[in-house]
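Visitor: Sequence:
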Amino acid sequence: MKDFRELKIWEKAHHLTLAIYHTTAAFPSEERYGLTSQMRRSAASIPTNIAEGCGRGSDDDFRRFLQIAMGSASELEYQLILAHDLGYLASADHERLSTAVIEVKRMLASLITKIKSEH
191 MKDFRELKIW EKAHHLTLAI YHTTAAFPSE ERYGLTSQMR RSAASIPTNI AEGCGRGSDD
251 DFRRFLQIAM GSASELEYQL ILAHDLGYLA SADHERLSTA VIEVKRMLAS LITKIKSEH
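Take the numbering used here: the final residue in the sequence shown is number 309, and no numbers are missing along the way.
Hints were generated in silico from the structure; no laboratory data involved.
Fair warning: there could be bad hints in the mix.
As the list claims (entries may be wrong) - Keeping only pairs whose Cα atoms sit at most 25 Å apart, straight-line, the calculated DMTMM-like set for lysine to aspartate or glutamate is:
#, residue 1, residue 2
1, Lys295, Asp250
2, Lys202, Glu242
3, Lys306, Glu265
4, Lys304, Glu265
5, Lys304, Glu221
6, Lys295, Asp283
7, Lys202, Glu267
8, Lys306, Glu196
9, Lys295, Glu201
10, Lys295, Glu267
11, Lys306, Asp251
12, Lys198, Asp275
13, Lys304, Glu242
14, Lys295, Glu220
15, Lys192, Asp251
16, Lys295, Glu242
17, Lys304, Glu196
18, Lys198, Asp249
19, Lys306, Asp249
20, Lys192, Asp283
21, Lys192, Glu293
22, Lys304, Glu220
Everything numeric in this text was worked out from a predicted model, so none of it was measured.
Start from the sequences and build out the full structure, keeping to the hints where you can.
Guide: Dropping the structure here:
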């Protein structure tokens, strides 16, 4: 069993989630149960799945949860585009958060590849 808190990818995903919560707090109130909720769920799903995968018994399980985290990161990447295009997210915030999501996705891909190659 791995301690997820020791993984740099978990730390980056956690900080991304905090940034998404902070940023979406300024979204229109009518989006509380819409885009705000979707973005927060997608963001939180990334470090959550990394943590859950660490708690599983095998590398295969860990890899599967990393792939789920990757799906959530891709979902968040689109939701950032949508929020920007709807005018809820300033260009600078969109750029900063998109860059963070892409970095998390690259790190996830690298870790998934590393686990695959160890088998």
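Visitor: Against this structure, judge whether each hint is valid.
Guide: Evaluation of the provided hints:
1. With a C-alpha separation of about 19 Å, the suggested pairing of Lys295 with Asp250 holds against the 25 Å cut-off.
2. A hinted pair counts as satisfied when its Cα atoms are at most 25 Å apart, and Lys202 with Glu242 qualifies at roughly 16 Å.
3. Between Lys306 and Glu265 the alpha-carbon distance is near 24 Å, which keeps this suggested pair within the 25 Å criterion.
4. With a CA separation close to 23 Å, the supplied pair Lys304 and Glu265 stays within the 25 Å bound.
5. Straight-line distance between C-alpha atoms of Lys304 and Glu221 comes to about 39 Å, which puts the hinted pair past the 25 Å bound.
6. Annotation: proposed proximity of Lys295 to Asp283 holds, straight-line Cα distance about 18 Å (limit 25 Å).
7. About 15 Å separates the Cα atoms of Lys202 and Glu267, which keeps this hinted pair within 25 Å; it holds.
8. Taken as a hint, the Lys306 and Glu196 pair is honoured in the structure, with Cα atoms around 20 Å apart against an allowance of 25 Å.
9. Our distance criterion of 25 Å between C-alpha atoms is met by Lys295 and Glu201, whose separation comes to about 13 Å.
10. At most 25 Å may separate the alpha-carbon atoms for a hinted pair to count; Lys295 and Glu267 meet this at roughly 10 Å.
11. At roughly 11 Å between alpha-carbon atoms, Lys306 and Asp251 fall within 25 Å of each other, so this suggested pair holds.
12. In summary, the hint linking Lys198 to Asp275 is not supported, as the alpha carbons are separated by about 31 Å, beyond the 25 Å threshold.
13. Between the alpha carbons of Lys304 and Glu242 the distance comes to roughly 18 Å, so the proposed pair stays at or under 25 Å and holds.
14. With a C-alpha separation of about 30 Å, the suggested pairing of Lys295 with Glu220 is violated against the 25 Å cut-off.
15. For a cut-off of 25 Å, the pair hint linking Lys192 to Asp251 stands: about 12 Å separates their Cα positions.
16. For a cut-off of 25 Å, the pair hint linking Lys295 to Glu242 stands: about 17 Å separates their Cα positions.
17. Among the hinted pairs, Lys304 with Glu196 is consistent with the structure: their alpha-carbon atoms are about 17 Å apart, no more than 25 Å.
18. Distance check on the hinted pair: Lys198 and Asp249 sit about 18 Å apart at the alpha-carbon level, within 25 Å; holds.
19. Between Lys306 and Asp249 the CA atoms are separated by roughly 9 Å; this keeps the pair inside 25 Å, and the hint holds.
20. Of the supplied pair hints, the one linking Lys192 and Asp283 is violated, its CA atoms being roughly 33 Å apart against a limit of 25 Å.
21. At roughly 22 Å between alpha-carbon atoms, Lys192 and Glu293 fall within 25 Å of each other, so this suggested pair holds.
22. Between Lys304 and Glu220, the direct Cα distance comes to roughly 43 Å. Violation of the 25 Å bound is thereby established for this hinted pair.
Hints 5, 12, 14, 20 and 22, counting from the list given before, are not met by this structure.
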